[in-house]
Amino acid sequence: MNKSHRLRLPVIAAAVTASLVAAGCGSSSSSGSGSGGGATASAPGITSTQILIGSHQPLTGPAAPGYSEIAPAANAYFQYVNAHGGIYGRKIKYTYLDDGYDPSKTTSVVHQLVLQDNVFAIFNGLGTPTHLAVVKYLNASKVPDLFIASGCDCWNNPSAYPYSFGWQLDYVREGKILGAYIKQHFAGKKIGYFYQNDEFGQDGVKGLDFEIPQSQVVSRQTYVPTNVNIGPAVAALKASGAQVVVNFAIPAFNALFKLASLKLSFNPTLVASNVGTDPQTLGGLLEAFAKQGGATVSGNQLTQGIITDGYLPTLGDTGNSWIALFKKVHDTYDAKAPFDGNVLYGEAVGYAFVQAMVKAGKNPTRASVVKAIEGGLSQGASVAPYDYSASDHGGMMGAFIGVIQNGAIVQQGPVWTTDTTPAGPVTTFSGTQPAAPASGMP
Amino acid sequence: MTLLRHLAAAIVAGAVIWAASVQLSAFRDFQMAQIAVYVVAIAGLSILIGLSGQISLGHGAFMAVGAYTTALLMTHLNWPWWAVFLASPAVAAVGGAVVGLAAARLHGPYLAGATLMLAVALPSLANQFPGVFGGDQGLSVNVFVPAALGANFPQTRWLAWICALAALISLVILANLARSRVGRNWRAIRDDPVAAALAGLPVGRLRVLAFIVSAACAGLAGAMLAVTTSLVSPGSFTLSLSIALLAGAVLGGLGTLTGALWGALVIVLVPTYVTDVATSHGFSGGVAANIPIAAYGVVLIVVMLVFPYGIQGGLRRLARQFLSTPPTRLGPPGQRQPAGEHAEDLDAPYRRPPVSEHQEEGTS
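Quick mapping for you: the protein sequence lines, in order, are chains A and B.
Residue 92 in the numbering used here sits at position 92 of the first sequence; the count goes up by one each step and never skips.
Each number in the numbering used here corresponds to the 1-based position in the second sequence with 442 added.
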């Protein structure tokens with residue numbers, strides 16, 4: 001064995017060690033906000049030319065199908081804004097990292113975004129359990145936590161979480177709006193509940209119970225997302241004689257519910273939360289699950305007649321100026337994704353962020369963007385107004401009732417608004433949704 | 443003697459960690475705490491597999507036991523961090539004893555299957571009893587920086603300190619245990635359970651003991667994970683966590699404590715580093731999201747090809763060649779060791795004898 005051969009291995013050892021060291025300290029240089037922009041580098045993550053924001057999203061893992069479309073869609077809208085002059089000349093840079101819907105990974109990526117990448121704000125962090133892992137940290141660090149992608153009522157707590165803002169219709173309000181519709185249209189009928197046994201389902205049921213008389217509710221069944229054996233729950237609902245079943249379930253469990261009830265020849269009127277009723281997603285799941293079981297079904301046929309609600313304009317409403325705008329943005333910047341409910345959601349929440357930043361002024365700070373939102377945001381792409389104020393960080397106040405017909409949600413009647421209290425009435429929203437600005441920017 | 447040497451090493455390591463934590467940014471401190479979590483978990487698993495010869499695919503479940511113990515004690519009884527760092531491994535050890543009793547009767551794939559079931563089933567208990575365990579939302583955990591350190595003391599540095607301290611103490615204990623009679627007995631039952639039983643060793647009891655020690659480590663790691671994550675929920679203890687721990691142990695080098703450090707470094711740093719590179723090179727979201735997983739796989743494959751005994755095994759081989767000791771192709775690793783120290787070296791990764799000869803010939 002000659003010497004040169006023997007020396008090669010230590011070189012490899014040194015290289016391995018060096019690469020590990022590099023991994024350890026490789027990219028810590030990006031901290032410290034750029035000081036070059038003079039007066040305009042007004043806050044961490046903001047330079048004279050750029051606004052840097054971050055997010056945690058389930059890009060891989062169990063929650064990825066569907067939800068992984070949201071952040072790219074929001075980013076598509078930001079690309080559109082950047083191409084049309086940005087916000088006071090600054091371009092939005094949106095870094096969304098994968099947490100796989102695992103709360104311990106959420107903590108890790110949010111620390112990375114806040115401490116290493118030095119983002120101005122966390123935007124649209126997705127998921128209730130995941131975001132709960134970081135909400136205290138973000139507020140303790142005074143990082144704006146804007147437009148969380150979860151309808152949990154828990155974010156609306158300005159004294160504990162002054163920097164956190166919800167956006168979408170919360171599940172209590174959604175439950176109340178669906179409950180009021182059921183009370184009015186199914187008086188005297190037997191009602192059953194089928195819901196996810198966590199904050200999502202429980203908040204929804206809380207809202208339903210505020211409206212539906214207790215004597216009408218004959219059965220309450222729950223499921224957990226990790227257990228697909230829902231046969232017993234469906235059988236119990238059938239045995240109770242329920243004529244109307246209200247689902248607060250994610251799309252996969254709405255599909256399982258529908259198939260299980262078909263098997264038992266149980267055919268109640270189905271009322272379901274918006275979370276689980278995107279017709280394309282639900283129809284696709286129904287066909288896929290039935291195929292696994294060796295049967296062929298038509299997704300459109302099985303989703304026909306499901307009663308649900310919506311807080312954004314329906315995708316089929318091509319005459320709506322917001323749908324036209326978002327379709328245009330989607331076709332230019334995010335054409336690979338299907339134009340479905342998730343994409344619409346992402347673009348609409350992106351619009352809300354741009355609204356807030358425009359309102360926060362030429363040289364925004366973390367405090368000024370919070371103040372701007374607390375001053376109220378105009379309605380934007382939502383069918384109902386926002387409730388933002390210093391004492392309310394909830395988000396949208398209402399939705400319309402819709403029925404799925406031929407694979408599309410068709411609005412029935414007016415938009416309803418309400419609050420999250422037991423006694424607060426569900427009232428018709430008298431205003432109309434303003435048209436999207438011609439420029440496509442707030 | 444051994445104890446003193448390990449203590450001295452731990453004190454030096456502690457000083458280095460302290461200096462680094464003060465110098466480095468807040469995010470690096472946070473990563474240090476995460477590395478400490480994985481070092482403890484992987485070290486415990488590595489002892490179980492590498493020393494006692496049993497496999498576990500369910501260590502994520504023991505971490506969940508420790509983490510939920512931490513959350514419940516901190517929320518309901520207001521226990522301080524150091525007390526839960528003692529209580530959580532104790533509770534997990536009880537769980538380990540129960541599982542170990544069953545595990546001692548199982549071998550190979552049956553043991554792997556039984557522990558796999560544990561990893562899948564146990565965390566879902568949280569969903570069955572949402573009143574106690576908070577269901578899918580989990581329970582929140584808060585660790586406050588002591589007021590004595592000042593109001594502006596970074597929380598991540600405090601986390602790095604308490605996690606590093608817990609890791610160092612458990613490593614010293616494990617190092618001594620591995621060198622003790624218990625450690626030697628574990629190696630004996632690993633290499634040949636029949637011979638060990640004939641020599642009078644209680645094979646079953648030793649296997650259960652290894653499970654207890656290993657579960658206690660996982661319980662401590664779970665407690666540390668709970669305070670760094672500040673939330674305990676079933677989503678943190680999926681099957682992929684258990685698999686990641688096993689991968690870390692194999693990557694680092696089975697049965698070695700230094701190997702546990704390498705494994706933890708790879709698990710924590712590679713995804714972050716690769717994500718930085720992927721996003722800064724402007725990959726689209728879908729691609730960038732999957733690059734860390736792919737990179738992790740590539741690292742796993744490359745290490746296994748280049749260093750079949752893990753990083754620690756590979757480094758030892760390099761060091762041996764660098765120190766111009768004649769290569770010990772066929773002889774036992776004890777050749778280069780000073781006379782009188784014939785006990786197997788703690789940092790020598792566990793090699794299955796038949797594979798060992800073949801593999802080493804093949805890669806040189």
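By construction, these hints were calculated from the structure, which means they are not laboratory data.
Treat each hint with caution, since some may be false.
Quick list of the computed label-pair ranges, beta carbon to beta carbon [stated by the list, open to error]:
| hint | chain 1 | residue 1 | chain 2 | residue 2 | range |
| --- | --- | --- | --- | --- | --- |
| 1 | B | N584 | A | L264 | 44 to 50 Å |
| 2 | B | M559 | A | K183 | 16 to 22 Å |
| 3 | A | S378 | B | A525 | 48 to 54 Å |
| 4 | B | V454 | A | Q292 | 54 to 60 Å |
| 5 | B | P588 | A | K291 | 39 to 45 Å |
| 6 | B | V740 | A | K189 | 58 to 64 Å |
| 7 | B | N584 | A | K183 | 50 to 56 Å |
| 8 | B | A462 | A | P62 | 45 to 51 Å |
| 9 | A | S430 | B | G573 | 40 to 46 Å |
| 10 | A | Q292 | B | M559 | 19 to 25 Å |
So, partial list: chain A residues that the calculated Cβ filter (under 7 Å) puts toward chain B [as the list claims (entries may be wrong)]:
| hint | residue |
| --- | --- |
| 11 | T60 |
| 12 | S104 |
| 13 | L132 |
| 14 | E199 |
| 15 | E211 |
| 16 | T226 |
| 17 | V228 |
| 18 | N229 |
| 19 | A408 |
| 20 | V410 |
| 21 | D419 |
| 22 | T421 |
| 23 | M441 |
Predicted, not measured: the structure shown is a model, and the values here were computed from it.
Ideal placement from N, C-alpha and C gives every residue a C-beta, glycine not left out.
Hint by hint, here is what the structure shows:
1. B:N584 / A:L264: 44 to 50 Å: The hint (44 to 50 Å, Cβ to Cβ) holds, given that B:N584 and A:L264 are roughly 47 Å apart.
2. B:M559 / A:K183: 16 to 22 Å: violated (46 Å)
3. A:S378 / B:A525: 48 to 54 Å: At roughly 52 Å between Cβ atoms, B:A525 and A:S378 fall inside 48 to 54 Å, so the hint holds.
4. B:V454 / A:Q292: 54 to 60 Å: 58 Å Cβ-Cβ, so the 54 to 60 Å window holds.
5. B:P588 / A:K291: 39 to 45 Å: With Cβ atoms ~59 Å apart, the hint is violated.
6. B:V740 / A:K189: 58 to 64 Å: Because 59 Å falls inside the window, the suggested range holds.
7. B:N584 / A:K183: 50 to 56 Å: violated (42 Å)
8. B:A462 / A:P62: 45 to 51 Å: violated (37 Å)
9. A:S430 / B:G573: 40 to 46 Å: holds (43 Å)
10. A:Q292 / B:M559: 19 to 25 Å: holds (24 Å)
11. T60: A:T60 check passes; min Cβ-Cβ to chain B is 6 Å, inside 7 Å.
12. S104: Where the cut-off is 7 Å and the nearest Cβ of chain B is about 4 Å from A:S104, the hint holds.
13. L132: holds (6 Å)
14. E199: Where the cut-off is 7 Å and the nearest Cβ of chain B is about 5 Å from A:E199, the hint holds.
15. E211: With Cβ-Cβ at 24 Å, over 7 Å, it is violated.
16. T226: holds (5 Å)
17. V228: For A:V228, the interface hint is violated, since the closest Cβ of chain B sits about 12 Å away, which is over 7 Å.
18. N229: With Cβ-Cβ at 12 Å, over 7 Å, it is violated.
19. A408: Since chain B brings no Cβ nearer than about 27 Å to A:A408, farther than 7 Å, the hint is violated.
20. V410: This interface hint is violated because 32 Å lies over the 7 Å limit.
21. D419: The hint is violated - A:D419 has no Cβ within 7 Å of chain B, the shortest such distance being about 23 Å.
22. T421: violated (22 Å)
23. M441: violated (23 Å)
Comparing the model with each earlier hint shows violations of hints 2, 5, 7, 8, 15, 17, 18, 19, 20, 21, 22, 23; every other hint is respected.
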